[in-house]
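Protein sequence lines, in the order shown, are assigned to chains Y and B. Our numbering puts the first residue of the first sequence at 1, with every later residue one more than the last. Our numbering puts the first residue of the second sequence at 152, with every later residue one more than the last.
Just so you know, these hints were derived from the structure itself, not from any lab. A portion of the hints provided could be inaccurate.
Label-pair restraints from in silico Cβ distances [unchecked claim]:
hint	chain 1	residue 1	chain 2	residue 2	range
1	B	ASP174	Y	ASN78	41 to 51 Å
2	B	TYR205	Y	THR40	22 to 32 Å
3	B	ALA391	Y	ASP113	34 to 44 Å
4	B	TYR205	Y	THR6	20 to 30 Å
5	B	ARG311	Y	PRO116	37 to 47 Å
6	Y	MET1	B	LYS175	15 to 25 Å
Non-contacting residues of chain Y with respect to chain B, defined by C-beta distances greater than 12 Å in every case (computed) [said to hold, decoys possible]:
hint	residue
7	GLY33
8	LYS53
9	GLU74
10	PRO82
Please read all numbers here as calculations on a predicted model, not as lab measurements. Each residue gets a CB set at the ideal place from its N, CA and C atoms; glycine is no exception.
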Amino acid sequence: MKLNVTINGEEKVLDIHPKDMLLDVLRDEGFSGVKRGCSTGDCGACACIVAGKAVNTCILFAAQCQNAQITTIEGIGNPKAPSPVQKEITDAGGAQCGFCVPGIVVSATALIDENPEPTVEEIREALDGNLCRCTGYVKIVKAILSASKKK
Amino acid sequence: MVKAYHRPAQVAEALSLIMDPNDKNVPLAGGTTLALNPRGVDGIVDLADLGLSYIQPSGGSLKIGATTVLREIQRSEPVRQFAGGMLSESAKNYLTALIRNRATIGGILAAGNFWADIATVLVTLNASLKIIQASNGSGAGKRPSELVVSVEDFIQKGPRKTLAGGILKELEIPSCPAGGVCSYNRLAKVETDISILSAAAMVTMSGKTVQSARVAVSTGAKPVRLRSIEDNARGKSPAALADLASAAARAIPAESDIRASAEYRREVAAVLVRRLIQTTEVASK
Numbered sequence: 001m002k003l004n005v006t007i008n009g010e011e012k013v014l015d016i017h018p019k020d021m022l023l024d025v026l027r028d029e030g031f032s033g034v035k036r037g038c039s040t041g042d043c044g045a046c047a048c049i050v051a052g053k054a055v056n057t058c059i060l061f062a063a064q065c066q067n068a069q070i071t072t073i074e075g076i077g078n079p080k081a082p083s084p085v086q087k088e089i090t091d092a093g094g095a096q097c098g099f100c101v102p103g104i105v106v107s108a109t110a111l112i113d114e115n116p117e118p119t120v121e122e123i124r125e126a127l128d129g130n131l132c133r134c135t136g137y138v139k140i141v142k143a144i145l146s147a148s149k150k151k
Numbered sequence: 152m153v154k155a156y157h158r159p160a161q162v163a164e165a166l167s168l169i170m171d172p173n174d175k176n177v178p179l180a181g182g183t184t185l186a187l188n189p190r191g192v193d194g195i196v197d198l199a200d201l202g203l204s205y206i207q208p209s210g211g212s213l214k215i216g217a218t219t220v221l222r223e224i225q226r227s228e229p230v231r232q233f234a235g236g237m238l239s240e241s242a243k244n245y246l247t248a249l250i251r252n253r254a255t256i257g258g259i260l261a262a263g264n265f266w267a268d269i270a271t272v273l274v275t276l277n278a279s280l281k282i283i284q285a286s287n288g289s290g291a292g293k294r295p296s297e298l299v300v301s302v303e304d305f306i307q308k309g310p311r312k313t314l315a316g317g318i319l320k321e322l323e324i325p326s327c328p329a330g331g332v333c334s335y336n337r338l339a340k341v342e343t344d345i346s347i348l349s350a351a352a353m354v355t356m357s358g359k360t361v362q363s364a365r366v367a368v369s370t371g372a373k374p375v376r377l378r379s380i381e382d383n384a385r386g387k388s389p390a391a392l393a394d395l396a397s398a399a400a401r402a403i404p405a406e407s408d409i410r411a412s413a414e415y416r417r418e419v420a421a422v423l424v425r426r427l428i429q430t431t432e433v434a435s436k
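Only chain Y is shown next, with the shape it has when bound in the complex (with noise of 0.2 Å):
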């Protein structure tokens, strides 16, 4: 089946099968800073923002996709223009091994684009389905703290 979607603001035609989940499609289409981690929705590495809303992809049937609006990572920022939650990240050393980090980033930006002011407890709420196996959470609120402020 045909899926229409625009993802980073590219609108494109994809060819995918009823059975494929969102992830897939997606490293498939060259966007492997989507990470496949549990395949089951508890890690959150695969995170991407659906329709404003962030979502664990790799248990999202991509044909439930049609004519959404998908942000991945690389739509968010790179090492070269990275957004403000990407750059905190980096200084506060909130990035360890770097796993879980794009799923992170991904869970920060929804949260900040609908609520540009988040207090620590809605941050942890908005990351809850994010597991960092270096534990570094402390530095990571921290960091999405203060790019939130500097919006």
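Use these hints to put chain B onto chain Y, whose structure you have.
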């Protein structure tokens, strides 16, 4: 294996796809449970375009469309103000934000995820479900029929039997009665884990004694009402009710799994329920 994806704009079309005798087509709301195990499914019937995502305060009660996502329910101001906030709080305790942004209230009930704390809360509040089914009658122009069942019956009989090829349309949740206190608590290893135990109570007082009580406890699999103590609650002091409820909670059947042993669940259920009734007493003062 999933071979087809359908996204009907009409309920009648969705029902005929689900009733299709040749293909096993299953309804999909958020998809967060189905995507984990779509084995044996031929086609997906996405309910996203049926207009079933809404939260409507109606009189004292709340009407919530079946495909409303849990994060909306959690954050909605009318829901936060409703029944002492326990509906919003239990929605927030469903797994993670990344899942709550997709998982729907109807979807998790239809999928049988009765371990969710929100199931315990819905049973306590005597919530009911509206189900739309294809009419049995033949001929053109037949209209789908509607059926109302309590969430408690839906859980006891199971989704497959109760739905019978139909789809969930709406939840209606009566409010906590005036002068009543609604409260809920849970035990989980971490906030985002499935609860080891959850319990909710709705207690009304008449002066210093209890007038009525409705209590549901889940020892992991699904909520069970403590009917024996509900029937004897009237006229008891809150402390006496807490003792009775605690003893009744200890007697609920429990299973052992990776999160806790059956013995642990029964032991702690007694404590959790005692504290719940005690909180209710404090809140009513």
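Each hint, compared with the structure:
With their beta carbons about 44 Å apart, B/ASP174 and Y/ASN78 fall inside the hinted range of 41 to 51 Å. Roughly 30 Å separates the CB atoms of B/TYR205 and Y/THR40, a value that falls within the hinted 22 to 32 Å. B/ALA391 and Y/ASP113 have their C-beta atoms about 52 Å apart, which leaves the hinted 34 to 44 Å range violated. The given range of 20 to 30 Å is respected by B/TYR205 and Y/THR6, whose C-beta atoms sit roughly 26 Å from each other.
Taken as a hint, the range 37 to 47 Å holds for the pair B/ARG311 and Y/PRO116, whose Cβ atoms sit roughly 45 Å apart. In this structure the hint that Y/MET1 and B/LYS175 lie 15 to 25 Å apart at CB holds, the actual value being about 19 Å. No beta-carbon of chain B is positioned within 12 Å of the beta-carbon of Y/GLY33; the least distance is around 16 Å. Taking the minimum C-beta to C-beta distance to chain B, about 4 Å, the non-interface status of Y/LYS53 is violated against the 12 Å cut.
Distance to chain B confirms Y/GLU74 as a non-interface residue, since its nearest Cβ pair spans about 19 Å, more than 12 Å. Residue placement check: Y/PRO82 keeps its beta carbon more than 12 Å from all beta carbons of chain B (closest about 22 Å).
Checked against the numbered hints given earlier, this structure breaks hints 3, 8; the rest are met.
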